[in-house]
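**Student:** Put together the whole structure using the sequences plus the hints.
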Amino acid sequence: SVNGVSQPYAMSTISEEMVNDEYWQSANEYFLLKSIKRREYHLSREFNLENLLPVVEDAISMFDKDFKSI
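Using my numbering, the final residue of the sequence shown is 70, and nothing's skipped along the way.
Keep in mind that the hints were calculated from the coordinates and are not lab data.
Mixed in with the good hints there might be a few duds.
Label pairs and their computed distance ranges (CB to CB) [claimed, not checked]: (1) Val19 with Arg39: 18 to 28 Å; (2) Ala59 with Glu22: 42 to 52 Å; (3) Ile60 with Lys34: 53 to 63 Å; (4) Ser26 with Lys68: 36 to 46 Å; (5) Thr13 with Leu33: 12 to 22 Å; (6) Ile36 with Asp58: 33 to 43 Å; (7) Glu29 with Glu57: 26 to 36 Å; (8) Asp64 with Ile14: 47 to 57 Å; (9) Tyr30 with Lys68: 24 to 34 Å; (10) Pro54 with Leu33: 32 to 42 Å.
Built from N, CA and C at the ideal position, the CB exists for glycine as well.
**Tutor:** Laid out in C-alpha cells, this is it:
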C-alpha cells in the first residue's frame, strides 16, 4: 500500500537471495505506481448525494425484504 503497511510484510515473505532480483524489484515498483494512481483517482472523486440516496434506499428495502422472510 502507499502508506507502507503491506510492503514490509510482502518483503519479509521473499527469500534473502531474491530481494535484489530484477523481477521482484520491477513487480514492487509496478505495484507502487499502480497504487498511487488508484489513490489519486479515488481521492479525486466526489459523491453526489442526490444519486446516492436512491441506491441506499433500494439497499435498505432489499435488506428489509430479505430479513422479513427469515
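**Student:** Each of the hints needs a verdict: does it hold here or not?
**Tutor:** Consistency of the hints with the structure:
Between Val19 and Arg39 the Cβ separation comes to about 25 Å, which falls inside the hinted range of 18 to 28 Å. The given range of 42 to 52 Å is respected by Ala59 and Glu22, whose C-beta atoms sit roughly 47 Å from each other. At about 35 Å, the CB distance of Ile60 to Lys34 disagrees with the hint of 53 to 63 Å. In this structure the hint that Ser26 and Lys68 lie 36 to 46 Å apart at CB is violated, the actual value being about 53 Å.
Distance hint check for Thr13 and Leu33: the Cβ-Cβ separation is about 21 Å, which falls inside the suggested range of 12 to 22 Å. As the Cβ distance of Ile36 to Asp58 is approximately 34 Å, the hint placing it in 33 to 43 Å holds. The hinted range of 26 to 36 Å is not satisfied by Glu29 and Glu57, whose Cβ atoms lie roughly 44 Å apart. Taking 47 to 57 Å as the suggested C-beta distance range, the pair Asp64 and Ile14 conforms, at roughly 48 Å.
Taking 24 to 34 Å as the suggested C-beta distance range, the pair Tyr30 and Lys68 does not conform, at roughly 48 Å. For Pro54 and Leu33, the Cβ-Cβ distance of about 37 Å falls inside the hinted range of 32 to 42 Å, so the restraint holds.
The structure does not agree with the numbered hints 3, 4, 7, 9 stated previously, though it agrees with the rest.
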